[in-house]
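Please put together the full structure from these sequences, using the hints given.
Protein chains: 2
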Amino acid sequence: MMSLFSTWARLLIISAAFTFNCAVADELASWQPGEAKQRLISFVQQVSDANSAHFVAPSERIAVVDNNGTLWAEQPASPQLLFAMAQAKNMVKANPQLGKQAVFSAAADGDIETLRQQGIEGLLQLFIATHVGLPISQFEDRVNDWLAEAKNPETNRLHTQMVYLPMMELVRYLQANDFDIWLVTSGSLGFVRAWSEQLYGIPPDRIIASELKTEFRVLNGRPSLIHMPEVGFINTGGNKAVAINERIGRRPILAIGNSDDDIAMLQWTSAGDGKRLAALIHHTDGEREWAYDKTESASNLDKGLELAPANDWLVVDMKKDWRRVFDWQ
Amino acid sequence: MMSLFSTWARLLIISAAFTFNCAVADELASWQPGEAKQRLISFVQQVSDANSAHFVAPSERIAVVDNNGTLWAEQPASPQLLFAMAQAKNMVKANPQLGKQAVFSAAADGDIETLRQQGIEGLLQLFIATHVGLPISQFEDRVNDWLAEAKNPETNRLHTQMVYLPMMELVRYLQANDFDIWLVTSGSLGFVRAWSEQLYGIPPDRIIASELKTEFRVLNGRPSLIHMPEVGFINTGGNKAVAINERIGRRPILAIGNSDDDIAMLQWTSAGDGKRLAALIHHTDGEREWAYDKTESASNLDKGLELAPANDWLVVDMKKDWRRVFDWQ
Chain A
91 MMSLFSTWAR LLIISAAFTF NCAVADELAS WQPGEAKQRL ISFVQQVSDA NSAHFVAPSE
151 RIAVVDNNGT LWAEQPASPQ LLFAMAQAKN MVKANPQLGK QAVFSAAADG DIETLRQQGI
211 EGLLQLFIAT HVGLPISQFE DRVNDWLAEA KNPETNRLHT QMVYLPMMEL VRYLQANDFD
271 IWLVTSGSLG FVRAWSEQLY GIPPDRIIAS ELKTEFRVLN GRPSLIHMPE VGFINTGGNK
331 AVAINERIGR RPILAIGNSD DDIAMLQWTS AGDGKRLAAL IHHTDGEREW AYDKTESASN
391 LDKGLELAPA NDWLVVDMKK DWRRVFDWQ
Chain B
91 MMSLFSTWAR LLIISAAFTF NCAVADELAS WQPGEAKQRL ISFVQQVSDA NSAHFVAPSE
151 RIAVVDNNGT LWAEQPASPQ LLFAMAQAKN MVKANPQLGK QAVFSAAADG DIETLRQQGI
211 EGLLQLFIAT HVGLPISQFE DRVNDWLAEA KNPETNRLHT QMVYLPMMEL VRYLQANDFD
271 IWLVTSGSLG FVRAWSEQLY GIPPDRIIAS ELKTEFRVLN GRPSLIHMPE VGFINTGGNK
331 AVAINERIGR RPILAIGNSD DDIAMLQWTS AGDGKRLAAL IHHTDGEREW AYDKTESASN
391 LDKGLELAPA NDWLVVDMKK DWRRVFDWQ
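Line by line, the protein sequences are chains A and B. Count along the first sequence from 1, then add 90; that gives the number in the working numbering. Count along the second sequence from 1, then add 90; that gives the number in the working numbering.
Be aware that one or more of the hints could be misleading.
The list makes no distinction among identical chains, and a pair is therefore deemed to hold if it is satisfied within one copy or across any two copies.
Below 25 Å or equal to it, Euclidean Cα-Cα: the simulated SDA-like pairs (lysine to any residue) are [as the list claims (entries may be wrong)]: (1) Lys-183 with Pro-294; (2) Lys-303 with Val-321; (3) Lys-303 with Met-318; (4) Lys-303 with Thr-326; (5) Lys-183 with Lys-384; (6) Lys-365 with Val-308; (7) Lys-303 with Ser-360; (8) Lys-179 with Val-405; (9) Lys-393 with Leu-315; (10) Lys-365 with Leu-302; (11) Lys-393 with Arg-307; (12) Lys-393 with Gln-191; (13) Lys-393 with Arg-312.
Source of the hints: derived by calculation from the structure; they are not laboratory data.
Next comes the structure, spelled out in structure tokens:
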């Protein structure tokens, strides 16, 4: 009986170990074997293994992940900017007077370069004008209606197809290891929440984003939240670290971004005690995606690359480290 | 065999049902049998029972609960105001010049009435002066050092003993039924987070509070978050509904408060579809706690009582509905 039990037990242990290794290999199947993949797996295994010196309790296993350029493509412009341009086009059609303003005329013409030349003030003006005026739930419906059909102007693929497959595998792998994943984006809360749970499996209370000022009012007896035409919070740079503390209240152990805008988030994550990992996705693949870093105007990665070696930040080379970029490739 | 199994099964079912009824009764043991207790239990059972017409999925089972006067006592002043006064006393001792300002002199003298007469501007000045200047983790240590010894000036009990036992039972009961509980307080984030998990079992990412403006800076090579002497967000009135949407992104199904400051939170919660419950804790017990409502200056309940009947809000009568208020009584 003992011998039969011990044979069974051994078989079960071998089979469990085998399943575990296969599961890890399968879960990150779109990552090339190499340093990046190995560091990610090794980190997750060490913090998840109760017998490891680097074990971290599940409640502290917090990951913060940027969105544009980290989870989905941001070239030739972020989907939210393209959404704002599509809305502006409709607004100009309904009210041609608006087209006399440079921001609206460039947006309606789909002229991203001229639009960017309007500077941050011009872009904010466009965002605010195209994101207010609707109750929050109706705004989310409008975003999803647009997203169901809108395509990337260069690949002609739906934006929902421009999600990075290796990053989705990583998100699932982290979730399977009890990580609590927070999306930390410069995009606006209402826009990102409209689809984040369906597209990424990241629920609405796990989104840290930019926000318009919002007011509570009882309109015709109906309690309502109204977006005001005024910026409430811009979730960029140092504000990402501020918002991570205000929202989560625990310091993340894993941070992933792709631009200098994510440096503070990586610094804040790295500065805690114990095992930590910070990573930058480096857009090096001009064939399968876009190659850009230091000179990219909207989302440059320059100082981040300079800081990475001394801080032991993992730089993911999209061309070298990813076997596939999008699931349709 | 079948008959034995079925006898066992029947016993198990009977025993499970018996255990369930006992468990509910025990979990809210400090509530008097009556309408309030019955409505709370009935609501939780209906939304948690997969066979009920009012079933709500666990991910949507969100409760928002005020803090001062709802979970712990706020008379003769909120613990955070008493903390600020204690800090001010130390500051005046170290720098007597400060005592020439009316706000600091009243605070250092423990003169709550004179302090309140300084108005909201004076109180904000006191809060800001006593809450900035330390890195966030050191500030939390300071709060906990104070809380370990500070006593309510009228009952001479530790503030941690001034927590309402029936409310703690309710929090545990909700958590046992997969409710996600968010603390929604006008208090400041750093103060409340210092003890909320230990005292209430509510973790740091479930605190919606007022906030000082905060900046990220790298000081001597160390990434740091610094509280600025400026208000970032005041979580009162309509702002509670705004913050609930910004932070949770789902409309709560249960809201509990105790003053007119909680009306917007109750209205926002009540206005959704499906089964909902909103409740106000009415301070009616001048013997075991404090009796106050319409004319209380710092936390009045007036319009809330007026709105309750038409909105079907549950008004909890502390004197009538609670068998015990504090666990030491």
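Structure-based check of each hint:
no.	hint	in the structure
1	Lys-183 with Pro-294	neither (33 Å within a copy, 48 Å between copies)
2	Lys-303 with Val-321	both (6 Å within a copy, 15 Å between copies)
3	Lys-303 with Met-318	both (5 Å within a copy, 20 Å between copies)
4	Lys-303 with Thr-326	both (16 Å within a copy, 15 Å between copies)
5	Lys-183 with Lys-384	neither (38 Å within a copy, 54 Å between copies)
6	Lys-365 with Val-308	between (49 Å within a copy, 21 Å between copies)
7	Lys-303 with Ser-360	between (31 Å within a copy, 23 Å between copies)
8	Lys-179 with Val-405	neither (39 Å within a copy, 51 Å between copies)
9	Lys-393 with Leu-315	between (40 Å within a copy, 21 Å between copies)
10	Lys-365 with Leu-302	neither (36 Å within a copy, 30 Å between copies)
11	Lys-393 with Arg-307	between (44 Å within a copy, 16 Å between copies)
12	Lys-393 with Gln-191	neither (35 Å within a copy, 47 Å between copies)
13	Lys-393 with Arg-312	between (49 Å within a copy, 17 Å between copies)
The structure fails hints 1, 5, 8, 10 and 12 (numbered hints given earlier, in ascending order).
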